[in-house]
Amino acid sequence: MAVPLPLGRPVRVGIVGLGRIYDLTILGYRGNPDAEVVALCDLDVERLADRGTGWPDAARFSDLDAFLAADTDLVEVLVPTPFHCEVVCAALAAGHHVNVQKPMAVTLDEADRMIAAAAEADAHLRVMENFIFYEPLRVLREVVESGAIGPPAGLHMKMVATGNGGWEVPWETWEWYFQMAGKDRGILMYDDGWHKYSVARWLFGPVREVRGWVGRTEVGPGIVIDAPSTVAWEHTSGLRGTWDVTFAPDMLMRSDYYTNDERFEVTGRKGFVRVNRCTARGLQLPSVEVYADGELRGYHALDDDWGSSFRTQTRAPGLPAHGRGSGALVGQRGPGGAGLLPRCPRVLPPPGAGAPGRVTRSNRAQVSAVLMEVPAARPSSRYWVPVTRVRVTATQRSELAMRWWSTVRGSRAAPTASSCTTVLALARVRAGTASPTRPSRVR
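Residue numbers (our numbering): 37 to 479.
Everything labelled a hint here was simulated from the structure, so no lab data went into it.
Accuracy of the hints is not assured; some may be wrong.
[As the list claims (entries may be wrong)] Label pairs and their computed distance ranges (CB to CB): (1) Arg290 x His336: 32 to 42 Å; (2) Trp203 x Met37: 16 to 26 Å; (3) Asp286 x Met37: 52 to 62 Å; (4) Arg305 x Ala85: 54 to 64 Å.
We treat Cβ as the ideally placed atom computed from N, Cα and C, and that holds for glycine.
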């Protein structure tokens, strides 16, 4: 049984998974009087030692069971998405409250298991979503609710995924991302899409119908980006939204984080409000602009550092990491979705399969936990290689990384013996003779 909240003292926090997303998550704990990091866990002992320098008094573990036996109140789960269900359920069973990174799970069945585990342990389970704590987006919502642009008439989100600029992401992270893509959980539509779909529901409520056109761009052997893509939906209020995604691998986008050029715009009956940037620095314009009554007004003094939204979401009153609040509610299963996840009453089938059909008890497991499900991969398709079935050496992984960067950055690398081996390995996958491998537990 988890310790009841509030505690009347700082929350004792343990963090499992010390990959790239860790750098953003800890922003909410540095200098936080309501929480203290007392335990760290990662399978990579070198990474554990390096990250541990930031928390000299925290216990360090390379074994999950030993970590979960530590005296903590709350566990931050930052492991790759394929391991969310396993780690979250174990943490809840061990008597800890849990914050887990989005996406919540790979399947609805996993999400149901996590929610059931939280209910059984009488513990708080929260899926983290930083976009709704990003100040420019919060101002956009305030403008819409104020009526300054009139009744809202439409929502448009645009993103350009670029290949240059921003921070370095370890190859191990890209590896499991692309393994997920091989199971129709694309890096843009599914992983990043969680943010966009969450913003849409946060602004305008439940969704009743979704349409999508999901593209595929092969950028290397077995490496596919799910773009160009366009998703359109209708909220139960009748308001419609769109999300347009373009892949521009040669574009330089200055960013302290990921290199996504993102824009959000709500059009009203008498004007519009738009956010000009989010994750990356994007356009050097006011972060928020409002057009109404023939005048354009800009907001120049907002905290538009995307990293700040991670700090704000962790410290929000009433959430598990805020020891003096009441805690977040345990997730609950909703029709067509799980917990606080978006609902999808209709699903777009693969091309040629006919009109979209209603989600039923028999097919709901096939529906993504986000607004839409990417059409099922077709093993015979020459545009998709199930990279989860490749068993490669460290040398081959390095070569795959080199081929990836040479593709997205526009350079040209001469073929090597290793690259030829990698191509042969991928060819075996196409033939169905390669063995499966589990993704690396690094985010």
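Here's how the hints hold up against the structure:
1. Arg290 x His336: 32 to 42 Å: For Arg290 and His336 the Cβ distance comes to about 19 Å; the hint is violated.
2. Trp203 x Met37: 16 to 26 Å: violated (40 Å)
3. Asp286 x Met37: 52 to 62 Å: Hint holds: Cβ distance 54 Å, inside 52 to 62 Å.
4. Arg305 x Ala85: 54 to 64 Å: At roughly 58 Å between Cβ atoms, Ala85 and Arg305 fall inside 54 to 64 Å, so the hint holds.
Hints 1 and 2, counting from the list given before, are not met by this structure.
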